[in-house]
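Chains A and B supply the protein sequences, listed in that same order.
If you want the numbering used here, it's the 1-based position in the first sequence plus 14.
If you want the numbering used here, it's the 1-based position in the second sequence plus 57.
None of these hints come from the bench; they were simulated from the model.
Heads up, the beta-carbon is just placed ideally off N, CA and C, and yes, glycines get one too.
Treat the hints loosely; a few may be bogus.
On the chain A side, residues computed to face chain B include the following (Cβ under 8 Å) [said to hold, decoys possible]:
| hint | residue |
| --- | --- |
| 1 | Phe68 |
| 2 | Thr95 |
| 3 | Phe96 |
| 4 | Gly97 |
| 5 | Asn99 |
| 6 | Val102 |
| 7 | Lys124 |
| 8 | Asp145 |
| 9 | Gly201 |
| 10 | Ala246 |
| 11 | Thr263 |
| 12 | Arg264 |
Spelled out from the first residue to the last, the chains are:
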Amino acid sequence: MFKFSKAMKPALTLALVPLIFAAPAMAADKYQGVGRAATPAEIQAWDIDVRPDFKGLPKGSGSVEKGQVIWEEKCAVCHGTFGENNTVFTPLIGGTTKEDIKTGNVANLKRNDYPGRTTIMKVSSLSTLWDYIHRAMPWNAPKTLSDDDVYAVLAYMLNLAEIVPDDFTLSDQNIKDVQKLMPNRNGMTRKHAMWPGKSGLVTATPPDTKNTTCMSNCKPAAKVSSTLPDYAQTSHGELSTQTRPFGQTRGQGSADGAVAKPSHNPDYALAEKSGCLACHGVNQKIVGPGFNEVAAKYKGQDMAGKLAAKIKSGGVGVWGAIPMPPQADLKDTDAQALAKWILSGAPTQ
Amino acid sequence: MAKNEELIPVETPEGLKKPGRIQKAPENFLTTTEIEQVTKGRRDFLRGSFVAAVAAVTGRQAFAQSSAVVDASSGDPYILQPQTWATTLGKGVATAPYGLPSKYESEVIRRPSPGLTQTTQSSVSFSPLQSMFGIITASGLHFERHHQGWYDIDPAQHRFMVNGSSPEFVKNPKVYTMDDIMRMPFVSRIHFIECGANTGMEWGNVAVPTVQYTHGMLSCSEFTGVPLRLLLEDCGADMTKKFVLAEGADGSAMTRTIPMEMVLNDEVLVAYGMNGEMMRPENGYPLRLVVPGVQGVSWVKWLRRVEVGDQPYGAKDEAVHYIDLMPDGQHRQYTSIQECKSVICTPSGGQKLLEKGYYTISGLAWSGRGRIKRVDVSTDGGINWKTAKIEGPVQNKALTRFSLPWNWEGKTAILQSRAVDETGYVQPTYGQLRAVRGTRSIYHNNAIQSWGVAENGDVSNVQVL
């Protein structure tokens, strides 16, 4: 069996030790009239968790082939056709090898130079992926996949990672066998001091650092090993406006030393208040396109109405794969004002 | 004139030669050109600008009081000149039925870190630690971390369920409404909440400019709720089982394994109150789990269910995310405790000291293992330390405010704070932390933070091993 059962042995042993805690509740009617019995149907509706030993896993099955169809329709927009996309979320697939499937340890995780970590490189328990997809995917429509769809999508992912063949069908019957092929199934350690209490879940060791409270002449010199890179100096906006403008200190001026003038444009203020500027720069792309790009694209066209509608409905595709969420709470008049302002070049003053 | 010059620091030419220097009021209303004029000795101009500055403060009524020009040589026009707020009728009660901060506090807001995430619904906004006082985070400034967006859930439609992973673990599985939960015995406690990934961007090197981004996934509130133990016992749960699973009602249906030991200690709360009012929607309205000392991801928001179990759950945030990569390629799993940590908030990165002289260094310390025992502060990068003053009473697993008087002589300095908790654990240096955990862990970076102070007063984020 995989490492999980081994790691659980201490916990099971501890469970046999005489109990030090208070006995289970005495009076179930202590709080009269508070709460009511849950019905079996209610428990079934909400008790959807699947544990690493696959307790809670519903019966069902799905093929790689079917999974690909669902994937392309519902998953690829964020994750890419091959689970490789890095645009919206961290890539899901990649970085594992046939050798990892044999050893249960992903070798690339030892490399400092390996760029990033995919989900399949990290995850040790297959149950986690089933549970994750089932409860939280697709990202913008969670819990809308049937159990068989979840099996199929997971089968397709496992196929992308070359863990199962093209003609594979994943089911509740064979999922434990596939667990034995998970590339990082032996990649978790519970040897640390960061689980509260003494339940036996972790091999409780003392904390792994041991600083002292030296008070004077603690070292010959204080050497600065890292400073803020130039690009990061301005990557978080105007620092002069991120500290209260009175008190012990001020926010630093911008790079050229000039203090930023507060914007007096009411539409700019509306954009700020409505949260637009978190994703759109006035003069640069952030997550979404810069307002200057939007204005340039639609220059000379009568687009204010359409753009206002688009601001409210959200969308994806025109500016790439990252979806813009709908802004349903935005007033129509505000959406129209913002659209006109953006198309006019988004002046800040 | 000597007295007058004290009032007008802008007349100190050395100060003005520093680019980017932000002047004390009212000089910060001067334009760059105007400042240049002042440095050239145009004091007549300065008198005019005082008046303009007063007008700006009183709601930018252009020269509302221009008829009452005061000679600046006789004193501060803010004292000598009658002010609108002193000479006219103010606003009535309930003008703002739910009060908001002053309009002059517009800089004190939550901010996302640009480029950190590609969507706003699976993202973070950081608390402005550089502008906060005491230990309580104003509810509107509490940091946010959502996995699939947030909802303002109608409390009349919210339900909380208790069941067991096996039927025998909970004899009487029950459903509770908010009415039910709010009838139960409650406790109110002050606790910090910190995201496991707080300071995560700084594992390898300095990456972000201010304390808001380095440490701002940190907040502290008074939480009011029902100890989970009471609800489990009400359902006839087998309290000898080692774990409970907490699950959210949002799209992500967040799940996390919680140790039963903390439930039995009455530390874990099913909370609805925060700082005297209901939990804010962004923080899980109407119900969230409070798991003191444990990373924020376990404080499941929009809590809809708790399940009693005999094994840990390997949830997505326990087997894909929130696992700590070690140098040997292994991930630490079930790392929950937020170890002892501290940070100086004032002065801090991205700020500027305006002039030499007295300052009060101020910061926050906290530990997931209990109370803060002591905080030391260094102004020379950790060579020498002084013990800071701690504002009491010190609460269990709560933010703790410390301060230290400091005379800045206009020389370079490196400010650090080092916290010690009641277990005797001492916050580590970057060198010590990296020696055991490398630089790729993302989570649980509790290293000593350094702020470099330059001769011109600029404070910036630096790292000292």
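### Message
Quick check on A/Asp145 please, does its C-beta sit within 8 Å of some C-beta on chain B?
### Response
holds (7 Å)
#### Entry: Supplied contact hint for A/Lys124, tested at 8 Å Cβ to chain B
holds (4 Å)
### Interface hint outcome for A/Gly201 [beta carbon to chain B under 8 Å]
holds (6 Å)
#### Entry: Interface hint for A/Phe68, Cβ within 8 Å of any Cβ on chain B
violated (10 Å)
#### Entry: chain B contact restraint on A/Gly97 - CB to CB distance below 8 Å
Result: violated, 13 Å to nearest chain B Cβ.
### Query
Quick one, is the A/Thr263 hint okay against chain B at 8 Å, beta carbons?
Holds, about 4 Å.
### chain B contact restraint for A/Asn99 - C-beta distance below 8 Å
Violated. Min distance 10 Å.
### Message
The hint names A/Ala246 as touching chain B; please verify it with the least Cβ-Cβ distance against 8 Å.
### Response
holds (6 Å)
### Query
Under the criterion of a CB-CB separation shorter than 8 Å, is A/Val102 in contact with chain B as hinted?
Where the cut-off is 8 Å and the nearest Cβ of chain B is about 5 Å from A/Val102, the hint holds.
### Closest C-beta approach of A/Phe96 to chain B relative to 8 Å, hint status
Violated: closest Cβ of chain B sits about 18 Å from A/Phe96, beyond 8 Å.
### Query
Would the hint on A/Thr95 stand, with a C-beta cut-off of 8 Å toward chain B?
violated (18 Å)
### Task
Hold the hint about A/Arg264 up to the distance rule: shortest CB distance to chain B must be less than 8 Å.
holds (4 Å)
Going down the numbered hints, you'll see the structure goes against 1, 2, 3, 4, 5, while the others check out.
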